[in-house]
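Student: Put together the whole structure using the sequences plus the hints.
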Amino acid sequence: MTPPLETRALAIGYRRRGKSDLRLGHGLELRLQRGKLVGLLGPNGIGKSTLLRTLAGVRKPLAGQVLISGSDIANLKPGELARHLSMVLTALPPPMLMTGYGLVALGRHPHTDWLGRMTPEDHSKVAAALRAVKGEDLAEQALAELSDGQRQKLLIARALAQESQIMLLDEPTAYLDLPRRIETMSLLKRLAHSQQRAILVSTHDLDLALRSCDRLWLMSPAGITVGAPEDLVLDGRLSETFRADGVRFDQRRGGFFLDPPGGRAIHVAGDSEETAWMRRAVRRAGFALNNEPGKIVVMRAQNGREPIWKLRINESVTKHQTIEAVLNRLEGQLE
Amino acid sequence: MSQLADKPALSGASLRGDWTRTRHSLTAQSERYLWTWIGIGGREFAGARPLLLVALFVALGLLLLLNLALGSASIPPEQILTILLGGEADHLSWTNIVLKFRLPKTATAALAGMALGVSGLLMQTYFRNPLAEPFVLGVSSGASLGVALVVLGSGAVGGALLAGLGLAGDLLLTTAAGAGAALTMTLVLLVAVRVRSSVTLLILGLMFGYFVGALVSLLLYFALPERIQAYINWTFGSFSGVTSAQLPILAAFVVAGLLLAAALVKPLNGLLLGEDYARSLGINLKRARIGIVLATALLVSAVTAFCGPIAFIGIAVPHLSRGLLGSSDHRLLLPGACLAGACVALCAAIIAELPGNNLVLPLNVVTAFLGAPVVMLVLLRQARGKL
Chain A
159 MTPPLETRAL
169 AIGYRRRGKS
179 DLRLGHGLEL
189 RLQRGKLVGL
199 LGPNGIGKST
209 LLRTLAGVRK
219 PLAGQVLISG
229 SDIANLKPGE
239 LARHLSMVLT
249 ALPPPMLMTG
259 YGLVALGRHP
269 HTDWLGRMTP
279 EDHSKVAAAL
289 RAVKGEDLAE
299 QALAELSDGQ
309 RQKLLIARAL
319 AQESQIMLLD
329 EPTAYLDLPR
339 RIETMSLLKR
349 LAHSQQRAIL
359 VSTHDLDLAL
369 RSCDRLWLMS
379 PAGITVGAPE
389 DLVLDGRLSE
399 TFRADGVRFD
409 QRRGGFFLDP
419 PGGRAIHVAG
429 DSEETAWMRR
439 AVRRAGFALN
449 NEPGKIVVMR
459 AQNGREPIWK
469 LRINESVTKH
479 QTIEAVLNRL
489 EGQLE
Chain B
1467 MSQLADKPAL
1477 SGASLRGDWT
1487 RTRHSLTAQS
1497 ERYLWTWIGI
1507 GGREFAGARP
1517 LLLVALFVAL
1527 GLLLLLNLAL
1537 GSASIPPEQI
1547 LTILLGGEAD
1557 HLSWTNIVLK
1567 FRLPKTATAA
1577 LAGMALGVSG
1587 LLMQTYFRNP
1597 LAEPFVLGVS
1607 SGASLGVALV
1617 VLGSGAVGGA
1627 LLAGLGLAGD
1637 LLLTTAAGAG
1647 AALTMTLVLL
1657 VAVRVRSSVT
1667 LLILGLMFGY
1677 FVGALVSLLL
1687 YFALPERIQA
1697 YINWTFGSFS
1707 GVTSAQLPIL
1717 AAFVVAGLLL
1727 AAALVKPLNG
1737 LLLGEDYARS
1747 LGINLKRARI
1757 GIVLATALLV
1767 SAVTAFCGPI
1777 AFIGIAVPHL
1787 SRGLLGSSDH
1797 RLLLPGACLA
1807 GACVALCAAI
1817 IAELPGNNLV
1827 LPLNVVTAFL
1837 GAPVVMLVLL
1847 RQARGKL
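These protein sequence lines map, in sequence, to chains A and B.
Each residue of the first sequence is one higher than the one before, starting from 159 at the first, in our numbering.
Each residue of the second sequence is one higher than the one before, starting from 1467 at the first, in our numbering.
Careful, some of the hints might be misleading.
As the list claims (entries may be wrong) - So these bits of chain A aren't anywhere near chain B, every CB distance computed over 10 angstroms:
#1 A169
#2 K235
#3 A240
#4 S244
#5 G265
#6 A286
#7 V391
#8 R410
#9 N486
Unchecked claim - Label-pair restraints from in silico Cβ distances:
#10 A1717(B) x E298(A): 39 to 47 angstroms
#11 E298(A) x P1596(B): 52 to 60 angstroms
#12 F1567(B) x A249(A): 49 to 57 angstroms
#13 L1653(B) x T248(A): 31 to 39 angstroms
#14 L1672(B) x R173(A): 21 to 29 angstroms
#15 L1653(B) x S352(A): 48 to 56 angstroms
#16 L1672(B) x E489(A): 52 to 60 angstroms
Hints in this document: simulated from the structure, not taken from any laboratory.
Backbone N, C-alpha and C fix where the C-beta goes; we use that ideal spot for every residue, glycine too.
Tutor: Spelled out as structure tokens, the structure:
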């Protein structure tokens, strides 16, 4: 079966007047499959947006082809392409006098006549798109009254109403708060799986991408590496791609952390909620964690009936009420 | 509790409430029926007020009649009706006044208003800028250069114009303005075919305007004061300069521009989301851009050639029609801007003539005096969250 989208020897980048082309990637053989949510990851300026725009037919490739269901995107008319491929962009549209329903209805454009008249079928498709994003309650509301997250949700519904097999999203979560970001990614995942869409989403939210995407396209100067998120973590390619001075990808914890500035390692004893947060605090303050009890140990203890923190540095033990007090003491001692 | 309260009120308030509800649902139904066949009755128009199009249409009819009825000579309304229906008036001069002066002036005002309102809407949507207006592409600058060259540059013709004589001077002025506008728009169209983004086009248009404006200033700087006055008179704008013979030319341009704009409603709606989204909705951006610039060129060059650079209508009317119709959808806004533009222009035409008085105010003074407060009111109402 032909995949909805694939590339053949694709080179992307910019043509520059009087200079050689600025190539952001070449020889790309990529493939989007139905029913999969694919995350596009890579450091800033590596060409994620350029890739998305080339895949969407907005930019011409420097070389090679983008195939939509087997036919070259260059040969597709705009209207035809819009029935195969829809987009959601980072930027939210400017204020308009329109309800949520009206915004989603714009997605029917490739299917309506020259005036954009909606048939009952179009209306049912719009309603279905709103249901899919759980945005029925936004239908009657004026766009001006909606939050960024709600508007982004409607834009995704708009792309759904377009009924395209392929959906490309360029950092759709950039302006959203964390709960909204999680909601959006899980929505995309649900849509990919339940509606058999091929969805490609570029994001800077590594943690979220690792948790929700079926596959990752990892973009680095060397090219694009494709694989399941976990495989890319384990073989070290993820940390290689994002390596920067002073920042380290922690394979175990699956996230980026500041390198501790060579200070002494601290052991936090215990395995409770409190000690987990103490570990976070110690890391945040820039100390390394030591898995074995060493010269500095922090533990949870009882002072009579009241729980307290006990901090042992070499042989001297101090007691503290709060995590902040422990950190202050640590910083004071290890200057 | 509320049920108890409702029961005794069967008569009076609740009956009234019932009636209001019935009336509302009746209006809603007839409204839906009325608009569905032109495709603006669906749920996507929730919150819009399409019925106001009918109100605007009625207002346009009234204003057309008022423009024919009012003027420095007072002619009884029934006489005007007789003249319009082809009958004989009591005085031959009345027939002359109505048919030779008031009718062309009224028609010109209506056509110019429609053209400016619609082209303003096209520019505001295409550039996604509420401050865009029909002249951002440099048309009026081109036209003013043409006029400035004629008025300030040529000795003999300039003199004739100054004397306020005759048709030949007016025609020359119109031709010069038209040539300047057409030349500018051809340049802008050539650029529009090549550029990729609307912002580039906007800035090029503005720069071109400044450049030509500088040329005009240079001409003004070296011109005789009387000639400058003649030039300034042109910049005030006027609906009265079009003769019945020229009217069909203006009408042809405006109708062509309006038809082209009507064919663009779908791309215009797509462009509400920005060029990238519009493209992803399957809109051929290049074709849309050329269509929009061409429609604006047809509308604005003709109006500027015949009436001078009429300010304000083009920027205010789109806001007015958005505020009135409560929608950003061009299937409503385009007829809305057309009707509202004509209404505003006709109002301005009446006020400029100051009925019952021989004084005539510059048109551009009136449009801004009249329009600015209205637009402010509409925008402030909108800002209070009234969709």
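Student: Now tell me, hint by hint, if it's right for this structure.
Tutor: Hints, one by one, checked against the model:
| no. | hint | in the structure |
| --- | --- | --- |
| 1 | A169 | 20 angstroms, holds |
| 2 | K235 | 8 angstroms, violated |
| 3 | A240 | 3 angstroms, violated |
| 4 | S244 | 6 angstroms, violated |
| 5 | G265 | 7 angstroms, violated |
| 6 | A286 | 14 angstroms, holds |
| 7 | V391 | 33 angstroms, holds |
| 8 | R410 | 40 angstroms, holds |
| 9 | N486 | 49 angstroms, holds |
| 10 | A1717(B) x E298(A): 39 to 47 angstroms | 42 angstroms, holds |
| 11 | E298(A) x P1596(B): 52 to 60 angstroms | 25 angstroms, violated |
| 12 | F1567(B) x A249(A): 49 to 57 angstroms | 53 angstroms, holds |
| 13 | L1653(B) x T248(A): 31 to 39 angstroms | 35 angstroms, holds |
| 14 | L1672(B) x R173(A): 21 to 29 angstroms | 28 angstroms, holds |
| 15 | L1653(B) x S352(A): 48 to 56 angstroms | 53 angstroms, holds |
| 16 | L1672(B) x E489(A): 52 to 60 angstroms | 57 angstroms, holds |
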